[in-house]
Amino acid sequence: NAGVTQTPKFRILKIGQSMTLQCTQDMNHNYMYWYRQDPGMGLKLIYYSVGAGITDKGEVPNGYNVSRSTTEDFPLRLELAAPSQTSVYFCASSAVAYMNTEAFFGQGTRLTVV
Amino acid sequence: DAKTTQPNSMESNEEEPVHLPCNHSTISGTDYIHWYRQLPSQGPEYVIHGLTSNVNNRMASLAIAEDRKSSTLILHRATLRDAAVYYCILRDSQTGANNLFFGTGTRLTVIP
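Going down the list, the protein sequences come from chains A and B. Heads up: the first sequence begins at 72 in my numbering, then just goes up one per residue. Heads up: the second sequence begins at 23 in my numbering, then just goes up one per residue.
Hints are not guaranteed to be accurate.
[To be verified] List of simulated lysine-lysine pairs, BS3-like, C-alpha gap at most 25 Å:
id, chain 1, residue 1, chain 2, residue 2
1, A, Lys85, B, Lys25
2, A, Lys85, A, Lys115
3, A, Lys80, A, Lys115
4, B, Lys91, B, Lys25
5, A, Lys128, B, Lys25
6, A, Lys115, A, Lys128
Just so you know, these hints were derived from the structure itself, not from any lab. Note that the coordinates shown come from a computational prediction; the quantities given were computed from them, not determined experimentally.
The whole structure should be built from the sequences, with the hints applied where relevant.
Here it is, written out as structure tokens:
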């Protein structure tokens with residue numbers, strides 16, 4: 072059972088370039104989340120989804136877009152990369168709302184914008 | 023979400039018990055207490071959660087104060103693999119599923 076899989080693991084982007092961070096889960100979870108983690112800090116929520124076709128903004132959505140066309144996939148799109156988006160990005164999923172179940176996290180994508 | 027307070031860092035000797043404290047004085051009656059940990063260069067992983075009663079699982083124990091204003095994560099025998107950042111998080115069962123609020127956590131160092 073693969074759990075939550077993120078690709079790529081590492082990426083260097085130039086300012087103004089765009090890219091998509093891929094996230095897929097094989098647990099049939101309805102809830103999926105994107106977080107970013109800056110050095111020495113905790114994770115901050117970018118976007119989340121409660122099911123296919125439904126997405127909503129988290130704490131720090133500016134500069135990002137998401138889509139959820141299937142239960143399994145929740146890609147994160149950066150349209151115009153900026154140095155402030157240099158961070159480690161984590162995707163997570165859970166069966167229901169976080170409060171009484173565990174969330175599963177991917178291994179992260181380390182993004183550097185130069 | 024209600025706020026939690028944890029020490030920035032703690033140390034423990036290998037094979038000794040570790041008690042990681044968390045204060046949550048503004049906890050509401052519907053908040054669950056969750057603990058996650060993040061090993062170096064990995065995503066967070068679930069450790070344990072509880073509401074009112076103490077909880078045990080294969081990884082750890084969670085001791086919750088009677089007034090629920092504090093809790094303690096107990097690792098019964100620390101190993102080198104337990105060196106990680108531990109996050110104590112409150113989740114309100116009434117307000118939906120949009121977030122786990124991660125503070126800066128407690129960095130646990132295990133000394134061989």
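Hint by hint, here is what the structure shows:
Proposed proximity of Lys85 of chain A and Lys25 of chain B is contradicted: the alpha carbons are some 37 Å apart, above 25 Å. Among the hinted pairs, Lys85 of chain A with Lys115 of chain A is consistent with the structure: their alpha-carbon atoms are about 23 Å apart, no more than 25 Å. About 19 Å separates the Cα atoms of Lys80 of chain A and Lys115 of chain A, which keeps this hinted pair within 25 Å; it holds. Distance restraint check for Lys91 of chain B and Lys25 of chain B: the Cα-Cα separation of roughly 11 Å lies within the 25 Å cut-off, and the hinted pair is therefore satisfied.
The straight-line distance between the Cα atoms of Lys128 of chain A and Lys25 of chain B is roughly 21 Å, inside the 25 Å bound, and the hint therefore holds. Of the pairs offered as hints, the one joining Lys115 of chain A and Lys128 of chain A holds, with about 12 Å between alpha carbons and a cut-off of 25 Å not exceeded.
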